[in-house]
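Asker: As a plain string of letters, each chain reads:
Protein chains: 2
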Amino acid sequence: MNIHELIKELKEPIGGKIVLVVADGLGGLPLEPGGMTELETARTPNLDACVRDGVCGLSLPVLPGITPGSGPGHLGLFGYDPLEYRIGRGILEALGINFAVGPKDVAVRGNFCSVDAKGLITDRRAGRPATDRCKEMCVKLAGIKVPGVEIFVEPVREHRFVIVFRGDDLGDAVNDTDPQMVGHAPLLASGADVASQKTALAVNHFAAEAARVLADEWPTNMVTLRGFSRYPRISSMREVYGLKAVCLAVYPMYKGLARLVGMDIAGAGTSLKDQVDHLTRVWSNYDFFFLHYKYTDSTGEDGNFPAKVEMIERLDAELPRIRNLKPDVLIVTGDHSTPSKLKSHSWHPVPTLLLSSTCRPDAVTEFGEATCLRGGLGQFEAKYLMMLAMAHAGRLGKYGA
Amino acid sequence: MNIHELIKELKEPIGGKIVLVVADGLGGLPLEPGGMTELETARTPNLDACVRDGVCGLSLPVLPGITPGSGPGHLGLFGYDPLEYRIGRGILEALGINFAVGPKDVAVRGNFCSVDAKGLITDRRAGRPATDRCKEMCVKLAGIKVPGVEIFVEPVREHRFVIVFRGDDLGDAVNDTDPQMVGHAPLLASGADVASQKTALAVNHFAAEAARVLADEWPTNMVTLRGFSRYPRISSMREVYGLKAVCLAVYPMYKGLARLVGMDIAGAGTSLKDQVDHLTRVWSNYDFFFLHYKYTDSTGEDGNFPAKVEMIERLDAELPRIRNLKPDVLIVTGDHSTPSKLKSHSWHPVPTLLLSSTCRPDAVTEFGEATCLRGGLGQFEAKYLMMLAMAHAGRLGKYGA
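These protein sequence lines map, in sequence, to chains H and R. Under the working numbering, the first residue of the first sequence is numbered 294, with each subsequent residue one higher. Under the working numbering, the first residue of the second sequence is numbered 294, with each subsequent residue one higher.
Read the hints as simulated data drawn from the structure, not as lab findings. Check the hints yourself; a few may be wrong.
Because identical chains cannot be distinguished in the list, a pair is counted as satisfied if it fits within a single copy or across any two copies.
Stated by the list, open to error - Straight-line alpha carbon distances no greater than 25 Å define the calculated BS3-like cross-link-like pairs of lysine-lysine that follow:
{"id": "1", "residue 1": "411", "residue 2": "619"}
{"id": "2", "residue 1": "537", "residue 2": "411"}
{"id": "3", "residue 1": "691", "residue 2": "587"}
{"id": "4", "residue 1": "433", "residue 2": "411"}
{"id": "5", "residue 1": "636", "residue 2": "304"}
{"id": "6", "residue 1": "619", "residue 2": "636"}
{"id": "7", "residue 1": "566", "residue 2": "304"}
{"id": "8", "residue 1": "619", "residue 2": "537"}
{"id": "9", "residue 1": "634", "residue 2": "304"}
{"id": "10", "residue 1": "433", "residue 2": "310"}
{"id": "11", "residue 1": "310", "residue 2": "619"}
{"id": "12", "residue 1": "411", "residue 2": "566"}
{"id": "13", "residue 1": "301", "residue 2": "428"}
{"id": "14", "residue 1": "304", "residue 2": "428"}
{"id": "15", "residue 1": "433", "residue 2": "691"}
{"id": "16", "residue 1": "566", "residue 2": "433"}
{"id": "17", "residue 1": "691", "residue 2": "634"}
{"id": "18", "residue 1": "587", "residue 2": "310"}
{"id": "19", "residue 1": "537", "residue 2": "304"}
{"id": "20", "residue 1": "691", "residue 2": "304"}
{"id": "21", "residue 1": "310", "residue 2": "636"}
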């Protein structure tokens, strides 16, 4: 049986409030054998108090050994099996720049590239142009008309941009036009089914016009496209869990992921303090609160161990204000690990704590990777976390008589 | 989503070297309440050093409570779901005698039996004839001709032999001809589909000829057949993981299982020392090395606790030579438990260690069943072990953006 069907069947119309704090990339590794991780190094009296009063464990974002991107990492935490619900690169890029993707849209990531007189690519990133140059070129591309299809071109950064093709019955089974190497011309698009053939026609029309419009704009004189994707059809958290859910995030990508599962997006300012202020402000209006904290990931990606430690301590410092709101369930976890040692996302399980009045004690007193290994939640697939949250919030009825 | 599809999508073209040491039947039980298992009793300074530097856990070969044979036990470790990929008895018997089974073959296990003048079975094992007698009878059977089908008859041991029927479009949905009791005649074969009916025709023709050829050979004057099976269609480890894989095993069955997943078979001599010599010799040619160590299982099957302890210590003594090769990932595990106390395979989870530079410490310092229970890998289904190996070898890219 599909988990969502089960939850829909068991969900109660009312229940407690749930706060999910996602410290992006929370899990880590020691730098040296015998050393401590970032979380173990950080002084976290408030997280430790939650662990003492609650239960902890380790979350496997997807499956053992699988390193998730932000999309699958968050979908899992929201209770959507990341192997079942897949988000294409185009959609994720569009979410990342806060483009409001709709059901008639096919989104795709674009790159400016350089081509020679024969149309062969000489630089796949057009010499990494300044972002202002990228914006200027996108304005030119946005002027291109394709019959029957509306086109949006939005700059991202340097050579990167997003195109959205909007029209009736556009498929997304279209090949990347990026040949992935220099010395070749951009590939023609072709569609694997009737709907995608319609998209491919529009894409090839667009690409031919782009070549014309950009002809004198060397080195940004051509484009390649990849990751054609439609907005995935996903039941909202309201439909699945009966939860009125809201997102408090600073970065667009996470707002986009939240919107994908039907969350409202609250204003959240620019700092964690702002986010908690806004959480307090919207407290009475929602059942479920997703608070995204970015800096544990970005410092990990930078390979900056002490900075990641500091960002964890800053999160810890704001925790009492969240706890003071007296959520029925408070969860602190990450969407994946980002060990400073690896300077990248990784597959290592993520420390997770769940605090509610119905937790069974597990004798763990500090929040860290090694301690969570002995926690009452054990190691679990992230997709099950929401079911635990629902149960502790008194929102799941009995299965069977 | 199928795990293999996921891995094929994420696998990197290059990465580190992986060594998988399978100590057959490694897991055990104490003989007395409060006692230690074979592994806990053994002095294993080198395995313990790996555990201190790596991460450990307990592998569930199939599912809780399920005792695997060698086939499913190894398929799981190779990352092939043993509930999805099933190897028939005939194929496994053929692999066990090193018969090179091909795609046009149906293999089946044969037994010599004794029948009376009416053709009714009086002894299902024909009085357990000497193996030489078995060989002699197999030569007689090998002379039987069946139109359109090539037949191979190979002795195994005592009353046991293997027949391979080779031909176009032969199915394996054929009933066993062994009635499983005396006083009955061997059953006629019948096929559940057109292809299997073709096999059944050949089988009945063969059985009638066997009765004629063996008429004067009492007590080995008839045969029964069971476990009709075709070679399973399995993607190779190269296809799934992108790994160039090699097997270093002494016993034919394990070479056969390795060949099934596309491994090359290296010469491996007759002892563990030989196997490690050969491992060193082929080191530069492969990415993945499967080293099978038999004696932890055979001593367990014999119920010889001290001998199993000694065999574990011998494995431990060879470990530094393996570690000196500096594999990026070194795994030591078993395909199942074989507690001396039970004198048989069992369902108990199998102690497992994984050593690489990207392990998260788990505070375990000795290799044993009780200690592995607290290890960072937790308890996991064996089929996920290869995904962890691939991740630690830097061979799996990120899932989703």
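Asker: Starting from the hint list further up, note which numbers the structure goes against and sort them upward.
Answerer: 1, 2, 7, 10, 12, 13, 14, 15, 16
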